[in-house]
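Chains as they are written, first to last, in the numbering used here: chain A, 4 to 375; chain B, 81 to 362.
Calculated directly from the structure, the hints in this document are not laboratory data.
Treat the hints loosely; a few may be bogus.
Said to hold, decoys possible - Taking lysine-lysine and the DSSO-like style, the derived pairs with C-alpha atoms no more than 30 Å apart in a straight line are:
hint	chain 1	residue 1	chain 2	residue 2
1	B	LYS150	B	LYS124
2	A	LYS320	A	LYS310
3	A	LYS104	B	LYS253
4	A	LYS256	A	LYS320
5	A	LYS156	B	LYS253
6	A	LYS181	A	LYS97
7	A	LYS104	A	LYS156
8	A	LYS8	A	LYS181
9	A	LYS181	A	LYS206
10	A	LYS251	A	LYS360
11	A	LYS338	A	LYS246
12	B	LYS124	B	LYS146
13	A	LYS156	A	LYS73
14	A	LYS8	B	LYS253
15	A	LYS73	B	LYS186
16	A	LYS97	A	LYS110
17	A	LYS107	B	LYS268
18	A	LYS156	A	LYS97
19	B	LYS186	B	LYS268
20	B	LYS253	A	LYS107
21	A	LYS310	A	LYS246
22	A	LYS107	A	LYS73
23	A	LYS30	A	LYS8
24	A	LYS97	B	LYS268
25	A	LYS360	A	LYS246
26	A	LYS181	A	LYS104
27	B	LYS253	A	LYS97
28	A	LYS97	A	LYS73
29	A	LYS104	A	LYS187
30	A	LYS156	A	LYS187
31	B	LYS268	A	LYS110
32	A	LYS181	A	LYS156
33	B	LYS253	A	LYS73
34	A	LYS156	B	LYS268
35	A	LYS30	A	LYS360
36	A	LYS107	A	LYS187
37	B	LYS268	A	LYS73
38	A	LYS104	B	LYS268
39	A	LYS8	A	LYS156
Just so you know, these numbers come straight off a predicted model, no measurement behind them.
Here is what each chain is made of, one letter per residue.
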Amino acid sequence: MADLKLDQIHKSYGAVDVLHGIDLDVKDGEFVVFVGPSGCGKSTLLRIIAGLEDITSGDLMIDGDLVNTKSPRDRGIAMVFQSYALYPHMTVYKNMAFGLKLDKQDKAAIDARVREAARILQLDQLLDRRPSELSGGQRQRVAIGRAIVRQPKVFLFDEPLSNLDAALRVQTRLEIAKLHQELKSTIVYVTHDQVEAMTLADKIVVMNGGNVEQVGSPMQLYHHPQTRFVAGFIGSPAMNFTKVSIDKVEPGKVTVSIPGGTPSVLPFDVDQNELGNQVELGIRPEHLSLGDGGELTVHGEVDVVEKLGDSTYLYLKLANGDRVTVRAPGHSRVKIGETVTASVSAGAAHLFSGGGKAFAKVDCPAEYSADE
Amino acid sequence: MSFKNIRREDASRAVIVHGILLTYTLVALYPIFLVVINAFKTRKAIFRDPMGFPNAETFSLEGFTKVLAKSNFEVFFYNSFTVTVITIAIVLLLAAMAAWALSEYKFPGNTVLALYLAIGIMVPIRLGSVSILNLIVDLGLINTLTALVLVYVAQGLPLAIFILTEFMHQIPKDLKEAARCDGVGEFKIFFAVILPLIRPAVATVAVFTMIPIWNDLWFPLILAPGDGKQTITLGVQQFIGQYVTDWNAVLASLSLAIIPILILYLIFSRQLIRGLTSGAVK
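Chain A on its own, in the form it takes in the complex (with noise of 0.2 Å):
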């Protein structure tokens, strides 16, 4: 197990900059998510430090070593593919001791850790099978069995779930998430889906055109999104935008007005210069309800209804053409062709200036706050 240290790494392919300057410090046993739209860089970065890609420029320290121009074998990392990439040819037990084998290790010892690493997997039954008779959660469990028995000082994931079914991602991203408990290894793990990311990381590494957006744990990033990318990125269904303008601004007050709603006071610390600029309001679907029982309130008319049974969501379409989602109860009778009002307490907003960046607000209630 061993710490992870990036500094300043970048990346090109011939003038194609794929990576700008990447900083970033893992812990110890710490599970680290790095997250993002596809051509972000996120699995570039993760080959990177699996030493399948050279490093253009910048450091990267693996327990404390320079790992810049070591091969993959020498850096005590192991990783599990998208496409799983067992060995055809070989059963899930020579899977999992052929690359100790070839570090000519005692026999009974390699043994002794397969066969640990299946019991933890739950692979006993089908050590003798190939990877053509298994099903796809059964490879990928090989394919993770074949990393543990290294017993690696960082464990790489790449997309592991991608390539299963709904219920069974669900089911291994589980067994994942024991696993990291019960080998508190120091794992990075790449995916696009931010469900998978907030599911099982200790912080996420919020990713976008080959720059860090943000690095936190899944609750900062829920609550305090520093940029606009970010709190869209994450949150199901995402937070919606709507553009607004500065009418006042006070210390740690600023009044905005919403297209199709009243001016609103808001808890945020705003720059004078902004006064008149168009800026951006983001509120999370889950945080409005319908009625007019909060401060900031919002109309239109729906023109979508998806009923999930728990909730049901409403499809609103504003005065200004922006449309928001409300997250409404599943018992909700609202009808397409509607007009509702909802609205949402002030500290739940988050507002974003014109370049994406969040302001800070001022007193963040407790149930829209990362603190515990």
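With chain A's structure known, arrange chain B on it following the hints.
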């Protein structure tokens, strides 16, 4: 169009395709069939009724006894077999390694090198017969099996590399990277992961390499015609004279010559069929 019609159309198409293939197979096999049945007939019967089966009256093993008793048939056999097997082994090893290098590692001149090797497929090696003969004489290898092996390796490599490179491209990148993360060295990746996976392709290449070598008359004739070094195709020639040809012996030795290559083919064929289809489906 109903579902039934589509199936009927498919069926008639299958009949046509199989008809054509079957006809071709018969045309290709008929000469071999003639060789084999006539090998078991008396000389008179061969000329009187070349298409007929041997019967009680015409049956004779005269050709076989002559071949086995009067010539060094086992020496020819041994020579052909040695040359073919050693060549296959060298071609497969070198071609697989070259193909791995060309498909896996990016280095300057990679494409140029691949093209250069591909040109070898298009230029017949026999065009260089005179230079090859000079070279072999200068090396003092004339009348040795080594000379034949060297020439055949050169002849077989280009196509072998070409086919194997294509197959190696199909091996998923993840698999090699997983092996690298697993701490497996490059040589071990090649021998323990890549080679087992391209076994069908290796079998295909083995068959493509071995048949022209076994059947070749040209290079044994100019490079190793001496006593004791003749291959089977060259050995048979002693029964073919300018004026008289001993057909019994010729046909008997040709029949015998089919056996070893048939055995080799059977060994590779199970893999070969998988190789051809796996290349086509993917």
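Non-conforming hints, listed in increasing numerical order | As far as the earlier hints go, not one is violated by this structure.
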